[in-house]
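J.: Spelled out, the chains give:
2 protein chains.
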Amino acid sequence: MPLPIALDAMGGDFAPELVIKGARRAVDELGLEVTLVGVPELMGDPLGLPVVACTEVIAMDDEPGSSVRKKKDSSLVRCAELVRDGHASAMVSAGNTGATMAAALLRMGRLPGVVRPCIATPIPNPGRAPSTMVDAGANAECTPEMLLQFAQLASAFAGARFSIESPSVGLLSIGEESSKGTPLVKETHELLAQSGLNFFGNVEGRDLIPAPVDVIVTDGFTGNVALKTLEGAFKFIFSTILTALDTDEASRAAGQALMPYLLPHVTTLSPEYQGGAMLLGLKGLCVISHGSSNDTAIMNALRVAAEMDAAGVVAKMALAIRPDQGS
Amino acid sequence: MPLPIALDAMGGDFAPELVIKGARRAVDELGLEVTLVGVPELMGDPLGLPVVACTEVIAMDDEPGSSVRKKKDSSLVRCAELVRDGHASAMVSAGNTGATMAAALLRMGRLPGVVRPCIATPIPNPGRAPSTMVDAGANAECTPEMLLQFAQLASAFAGARFSIESPSVGLLSIGEESSKGTPLVKETHELLAQSGLNFFGNVEGRDLIPAPVDVIVTDGFTGNVALKTLEGAFKFIFSTILTALDTDEASRAAGQALMPYLLPHVTTLSPEYQGGAMLLGLKGLCVISHGSSNDTAIMNALRVAAEMDAAGVVAKMALAIRPDQGS
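Chains as they are written, first to last, in the working numbering: chain L, 936 to 1262; chain G, 936 to 1262.
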């Protein structure tokens, strides 16, 4: 039987209530094992789930690095230690993103050869597995060598997680030609072309959804801007449409009639069904759920963590970065 | 009476037919003066509009710099010369974007003090003037000083074009705090804070539409990625919705009933009503229309060019870069 997943019961806008509810649903509906990590006096009813008690909480606005160093008995740090010590298969948090990364990095450590961990975020593709964008914001400044590693990590991840034989990798740029882009992009293009990865070439902003590739590589600044732009565009269009559908009697009736047709697509695009972002390159699994996660989002983040564990993602990433030890 | 606008009759996927049709409509429907620049044997019927004849065409895939240097009698180069020589108030092209920029830069020249021209692209804001994003792709590599100038140029542009007293300026980054982002962004943040511009602070990808500011400043790589991401997201969602509305009899009927409510919003977001991108920082006006421009898009690009001329955008930009000569 797999190890339980360590869930930060204190992290997220709707913690602890909806976080614990999401855990309960993951146990009941998906058959997962979940350990809550939190401060008993602040947690309320754990709904019958096992609890690892701690005494501190890292707040959403705490400075990531120093809070992880100071709050050694915080739920986030204890989650990462449970993974490190072999008591949990993965950690999941909807709390302070920077502190989650710091706790995972400092407690689990990097896989051998990994320069910097990166954040992988799924972008939905209707009808097939999502594309994986790296880096979605962990590293604002990158070198070509870092981007190559992100591509190797994400390729190993996507291959294991979505059973893709040889994931195709696209490099985010401002034109298809290898001559387009910044020096970082041009040098990375050359490294990827020689990497042995299934390199597709450059992709552009308009290719993000649906994407022609399984993995999209970029620096953490551009990746963060692109993902938030996508998020903002979806939010804007859906709210515009909902307003239009609420204009008068006739539009409301027509809108009602259309809901069964539109809802499946809204679901596909909704962050709560994606399960959050993943930290790649560490000696353990860490899923970073959206701060606004409700119980459904938490349940899906736990599902993603369990699937990553079952797929052996960490071992595959270790091999991808150290191919000399692969056979 | 204002000077005519020089229109590249040979540029764009639907040139020359729809380009000339757009010019005719701009004359008939908007009362503008337009001079077509093109190769008479390739142009077909000029629909009664004045023509400046040339002998060459720069193709969509020609290398920008060298094609402008070699094809001195091309429609693009001749358009730029008409502006330079005081025979036209502005140039408009839906052709090769890089060559349009190169022709405008080489023939019109930069305003005094301008290091590099930049591309300004409007992002619609429902119910109020669009926001102006600079740089939308002219300069993949930027310095903080360049970004400051882009902000000054775009602020002068937005002030004149949309009659905004003191346009607010946002810096695109990955967090609201001034400590977030790349060194380029952090240094630019300091320059903008001291610039005398109406600096709002950082904005994120999710703030692009609708935007809390009148001007959004970023480097040409990030700007290009963000705008194409926005474009791709809109295209994807609209095609997803149209597919959903076409599922069966019931959805088609409901979809028909909703069209009058949805169409105004589609129009607001459609590139053909925005009039294209503008080159800022030169001694003349240049509007770069989308390659796929139809006659409506061309008519709107001509309208934008005329409005920029009427607003005295070039003079305002000159003052913004050389404030010592402003009073």
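There's no promise every hint is true.
To be verified - Cut-off 30 Å, straight-line C-alpha distance, at most; resulting in silico cross-link-like pairs (DSS-like, lysine-lysine):
1. K1121(L) / K956(G)
2. K1007(G) / K1005(L)
3. K1115(G) / K1218(L)
4. K1121(G) / K1170(L)
5. K1170(G) / K1121(L)
6. K1170(L) / K1005(G)
7. K1121(G) / K956(L)
8. K1121(G) / K1005(L)
9. K956(G) / K1007(G)
10. K1115(L) / K956(G)
11. K1218(G) / K1170(L)
12. K1115(L) / K1005(G)
13. K1007(L) / K956(G)
14. K1115(G) / K1005(L)
15. K1007(G) / K1007(L)
Unchecked claim - Which chain G residues stay away from chain L? Per the calculated CB distances, all over 10 Å, these:
16. E1076
17. T1157
18. E1166
Hint data in this document are derived by calculation from the structure and do not stem from the laboratory. This one's a predicted model, so the numbers in the text were calculated from it and none came from an experiment. Don't be surprised by glycine CBs; every beta carbon is placed ideally from N, CA and C.
J.: Sort out which numbered hints this structure fails and list those numbers smallest first.
T.: 1, 2, 6, 7, 10, 11, 13, 15, 16, 17 and 18
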